[in-house]
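Asker: Listed below are the residues making up each chain.
2 protein chains.
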Amino acid sequence: MEQINKYIESNKERFLEELFGLIRIPSISSIKEHKPDMYRCAEYWKQLLLDAGADKAEIFDTPGNPVTYGEKIIDPSLPTVLVYGHMDVMPVDPIELWKSPPFEPEIRDGKIWARGADDDKGQAFMHAKAFEYLVKTNQLECNVKFMIEGEEEIGSVNLGEFCEKHTEMLKSDIILVSDTGMIARDIPSITTGLRGLAYWQVEVTGPNRDLHSGIFGGAVANPINELCKLVASMTDENNHITIPGFYDDVIEVSKEEREKLAQAPFDLEEYKKALDIDEVQGETGYSTSERTGIRPTFDICGMWGGYTGEGAKTVLPSKAFAKISSRLVPNQEHEKIAQLFKAHFESIAPKSIKVEVTPHHGGQGYVCPIDLSAYKAAEKAYEDVFGKTPVPVRSGGSIPIISTFEKVLGTKSVLMGFGLESDAIHSPNENFPLENLFNGIRAISRFYKHYKG
Amino acid sequence: MEQINKYIESNKERFLEELFGLIRIPSISSIKEHKPDMYRCAEYWKQLLLDAGADKAEIFDTPGNPVTYGEKIIDPSLPTVLVYGHMDVMPVDPIELWKSPPFEPEIRDGKIWARGADDDKGQAFMHAKAFEYLVKTNQLECNVKFMIEGEEEIGSVNLGEFCEKHTEMLKSDIILVSDTGMIARDIPSITTGLRGLAYWQVEVTGPNRDLHSGIFGGAVANPINELCKLVASMTDENNHITIPGFYDDVIEVSKEEREKLAQAPFDLEEYKKALDIDEVQGETGYSTSERTGIRPTFDICGMWGGYTGEGAKTVLPSKAFAKISSRLVPNQEHEKIAQLFKAHFESIAPKSIKVEVTPHHGGQGYVCPIDLSAYKAAEKAYEDVFGKTPVPVRSGGSIPIISTFEKVLGTKSVLMGFGLESDAIHSPNENFPLENLFNGIRAISRFYKHYKG
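Line order of the protein sequences matches chains A and B. Heads up: the first sequence runs through residues 1 to 453, numbered per full-length UniProt numbering. Heads up: the second sequence runs through residues 1 to 453, numbered per full-length UniProt numbering.
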């Protein structure tokens with residue numbers, strides 16, 4: 001540990017300069033105007049990898065944004081680690097809430113403040129520097145590959161196909177990803193589960209035009225009333241989802257594992273206070289952590305119809321819409337769930353309306369077994385740095401590409417995340433503590449020490 | 001009839017020019033930015049009345065939009081007719097569905113296409129022209145007063161107080177209103193009943209900010225899901241409203257009257273075809289005409305919350321909103337109903353969310369007895385023009401101010417409406433057939449012939 005500490009100390013300023021250069025490129029993938037920035041970012045990553053010690057690095061075009069790939073193969077017979085990260089970032093609106101400009105990183109209170117400081121420029125950068133340290137000090141004992149994509153924040157729309165095209169190039173024994181968080185700065189944790197996601201838009205049509213609610217009200221089905229009834233019926237009084245077959249593929253988590261998961265510290269009063277709610281609410285029979293960690297959901301993400309302007313307009317609208325998502329647990333197939341929803345929704349809709357269900361993107365859940373050798377190596381690496389065994393955590397979020405990796409490349413991922421909840425990823429004033437940045441570099445370099453394939 | 005026909009023929013172009021000038025003023029009362037247009041409209045009406053032959057015309061300020069008042073008193077001992085109309089119009093959204101700009105009236109297929117062409121610029125204008133005809137041809141045999149307000153579409157919020165302040169000025173024997181429709185172009189009808197209206201906005205708040213639906217979904221109440229459940233529970237499987245006490249003041253219409261009302265021609269297949277619906281839907285035990293004519297309703301006029309843009313955004317929103325209206329039958333008090341709703345909604349809301357109910361405007365229902373002398377005069381006027389006795393109809397719509405007139409001024413109203421269902425009032429592509437416009441002028445001028453007080 002002493003050697004890596006020294007290396008970080010003597011290269012600190014250069015590390016930050018390099019990271020700040022990366023952050024200054026406004027690589028917002030959801031906004032078309034930033035396409036040239038995606039290429040600048042891909043070039044920057046190529047140079048970072050070459051400078052860190054990669055044998056080669058290359059930019060691959062996709063139908064969308066580019067992917068930077070780099071590798072150092074020291075011996076094909078040794079284990080290979082594939083590092084996955086992303087160079088794109090979320091939009092910055094509402095811009096007026098930022099205390100310093102999002103693409104002009106600055107250090108205040110021991111933290112880097114900028115869009116991408118954590119997600120995922122800061123976290124992916126840690127891997128480049130841990131790799132550099134191992135190469136420059138002749139300690140690298142396995143092959144390393146890097147795949148840095150530019151579309152994670154828009155659903156990794158082209159990365160699945162990229163993986164299918166380059167299975168040989170991307171062949172590895174384990175995939176390392178730093179794009180998640182830990183429970184607290186002094187409570188290390190490793191995300192071992194991610195939920196999948198199914199997402200649909202529904203459109204309900206009543207009469208062929210907006211009607212006068214007096215002339216027609218009471219005699220013609222109102223599509224908003226009907227949509228409310230339909231979606232309200234999708235969960236029961238126990239917040240259990242009523243779509244037939246929805247839970248068929250859910251694997252009940254064992255009592256033992258639930259007990260282990262319950263050990264993660266959680267303060268319900270703090271949780272409610274932070275959200276300004278009087279009561280939590282969820283599926284009967286499960287704790288708050290279980291409701292987000294090991295159970296699927298049914299959430300209306302958006303809904304609209306009729307008159308939504310100022311004041312009162314008496315209208316019986318023609319249409320109503322909703323965007324609905326279900327977070328899924330591992331083993332639930334998002335395409336099957338979308339079909340179950342569609343079939344059920346269509347079957348219970350009254351004849352007085354027409355309904356249309358359009359599935360959007362989706363993704364599978366993911367589980368990392370805690371007896372995987374790479375997980376054990378990560379666990380030891382955290383112990384080396386934090387002096388504590390990391391807590392395995394089932395996250396409620398989804399990184400759909402992780403399950404794609406497993407499906408297409410046949411490789412498991414270990415999610416060595418170092419973000420904190422206070423990092424405000426996707427929000428104004430995103431930040432990343434320097435402590436977490438350097439601890440991440442330390443822990444990743446220790447992973448390579450412990451990992452034997 | 002020949003004389004009025006000639007008068008219309010020789011003044012047709014001028015009539016249309018004058019009406020188009022009125023329509024071109026975008027007097028949308030629900031949008032604050034249009035306040036100056038309300039004053040332009042009031043001035044326009046003042047000039048219309050003076051040009052038509054009023055002795056005087058004046059614009060009165062109210063705490064909201066102005067009222068134009070004009071009169072011609074030929075002999076205080078003769079009967080007095082008070083004409084009521086409104087100069088304001090509904091908003092025009094969704095603007096993209098209009099085939100021609102809403103405030104640039106044009107004639108196609110024998111109809112005027114524009115916002116307000118029927119409701120109520122076209123229909124109120126008929127009274128000015130019938131009055132002009134009677135004055136210019138020296139046939140006026142009673143006193144005439146005009147009261148044209150600017151807030152009908154937002155509930156006539158200040159007109160009640162205006163009436164209270166000016167009871168003497170507004171004194172009359174009968175109030176004439178053209179703001180309703182007839183069954184079909186060849187089936188004249190007179191509206192003898194109007195429904196009342198209660199209107200509320202509800203706001204549901206879950207967490208204090210939009211949340212990541214993965215991290216929090218399943219554990220925190222989603223305000224859209226909850227709002228759907230709450231409003232879905234407000235009607236049962238028979239489309240009966242479940243708010244406790246809601247029906248307490250409803251007077252059941254007698255079997256005899258229901259039989260009489262059932263005589264109005266109604267073609268269910270045509271009705272469904274015109275709306276492009278496979279089935280009608282409403283309260284069990286009542287016909288379509290009864291559902292709109294003699295029964296109250298619960299309609300969501302607008303609803304919104306969360307992400308409503310393009311594509312998919314996984315968010316657990318902080319807030320959800322709905323605008324809800326209930327059409328009421330005579331004897332239901334709108335303020336009582338608003339209180340019943342508010343109390344019930346608040347009582348069934350779970351503790352995981354906060355709810356706020358804001359009552360908007362409302363109004364009472366109204367019934368016009370068909371043995372009223374003014375009703376008889378109107379009946380004869382329709383016979384003169386259409387060659388048929390008009391059918392008395394209970395309308396589903398509301399003109400809350402009509403019951404206020406009765407209460408404050410002690411005067412009954414006769415609703416001589418000439419609109420058609422196809423006029424699409426409150427909707428895109430509002431229109432008014434020239435035939436109806438001119439038949440309206442004809443029939444109103446005949447009313448004055450038959451009305452003896």
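Treat the hints as calculated values from the structure; they're not laboratory data. Be a bit skeptical, because a hint or two may be false.
To be verified - Which stretches of chain A does chain B cover? Using the computed rule of at least three CB atoms under 8 Å from a CB of chain B, they are:
no. : segment
1   : 189–202
2   : 292–301
What the hints assert, rightly or not - Stretches of chain A that chain B covers, calculated by requiring three or more beta carbons in the stretch to come under 8 Å of a beta carbon on chain B:
no. : segment
3   : 83–97
4   : 132–141
5   : 162–173
6   : 314–325
7   : 437–447
What the hints assert, rightly or not - DSS-like cross-link-like pairs, simulated, lysine-lysine; straight-line CA separation at most 25 Å:
no. : chain 1 : residue 1 : chain 2 : residue 2
8   : A       : K273      : B       : K449
9   : B       : K313      : A       : K32
10  : A       : K351      : B       : K272
11  : A       : K145      : A       : K412
12  : A       : K354      : B       : K229
13  : B       : K336      : B       : K354
14  : B       : K72       : B       : K412
15  : A       : K449      : A       : K72
16  : A       : K272      : B       : K351
17  : A       : K272      : B       : K319
18  : A       : K272      : B       : K229
19  : B       : K388      : B       : K376
20  : A       : K72       : A       : K260
21  : B       : K273      : A       : K354
22  : B       : K229      : B       : K319
23  : A       : K449      : A       : K136
24  : A       : K354      : A       : K165
25  : B       : K412      : B       : K351
26  : B       : K273      : A       : K351
27  : A       : K336      : B       : K452
28  : A       : K354      : B       : K351
29  : A       : K273      : B       : K319
30  : B       : K99       : B       : K313
31  : A       : K35       : B       : K136
32  : A       : K351      : B       : K319
33  : A       : K273      : B       : K354
34  : A       : K342      : B       : K388
35  : A       : K272      : B       : K354
36  : A       : K380      : A       : K260
37  : B       : K136      : B       : K452
38  : B       : K229      : B       : K313
Every residue gets a Cβ at the ideal spot worked out from N, C-alpha and C, and that includes glycine.
Asker: Please work out if K342/A and K388/B have their alpha carbons no farther apart than 25 Å.
Answerer: Violated, at about 52 Å.
Asker: Regarding the pair K354/A and K351/B, is the alpha-carbon distance no greater than 25 Å?
Answerer: violated, 34 Å
Asker: Taken at face value, is the distance from the CA of K412/B to the CA of K72/B at most 25 Å?
Answerer: holds, 20 Å
Asker: With a cut-off of 25 Å on the C-alpha distance, tell me whether K412/B and K351/B pass.
Answerer: Roughly 48 Å between the alpha carbons, so the hint for K412/B and K351/B is violated.
Asker: Taking only the CA atoms, is the gap from K273/B to K354/A under or equal to 25 Å?
Answerer: Distance ~14 Å between K273/B and K354/A Cα, so the pair holds.
Asker: Taken at face value, is the distance from the CA of K412/A to the CA of K145/A at most 25 Å?
Answerer: holds, 15 Å
Asker: Could you grab the alpha-carbon distance between K351/A and K272/B and see if it respects the 25 Å cut-off?
Answerer: At roughly 12 Å apart (the allowed maximum being 25 Å), K272/B and K351/A satisfy the hint.
Asker: With a C-beta cutoff of 8 Å, work out whether three or more residues of the segment 292–301 of chain A approach chain B closely enough for the coverage to hold.
Answerer: It holds, with 8 qualifying residues against the three required.
Asker: Are K273/A and K449/B close enough, with their CA atoms no more than 25 Å apart?
Answerer: Status violated; Cα separation ~74 Å.
Asker: Going straight from one Cα to the other, do K35/A and K136/B come out at no more than 25 Å?
Answerer: violated, 72 Å
Asker: Run the distance test for K229/B versus K319/B: straight-line Cα separation, threshold 25 Å.
Answerer: Answer holds: K229/B to K319/B is near 15 Å, not above 25 Å.
Asker: Hinted pair, alpha-carbon criterion (25 Å max): K272/A, K319/B. Please report holds or violated.
Answerer: holds, 16 Å
This entry does not satisfy hints 3, 4, 5, 7, 8, 20, 24, 25, 27, 28, 30, 31, 32, 34, going by the numbered hints stated previously.
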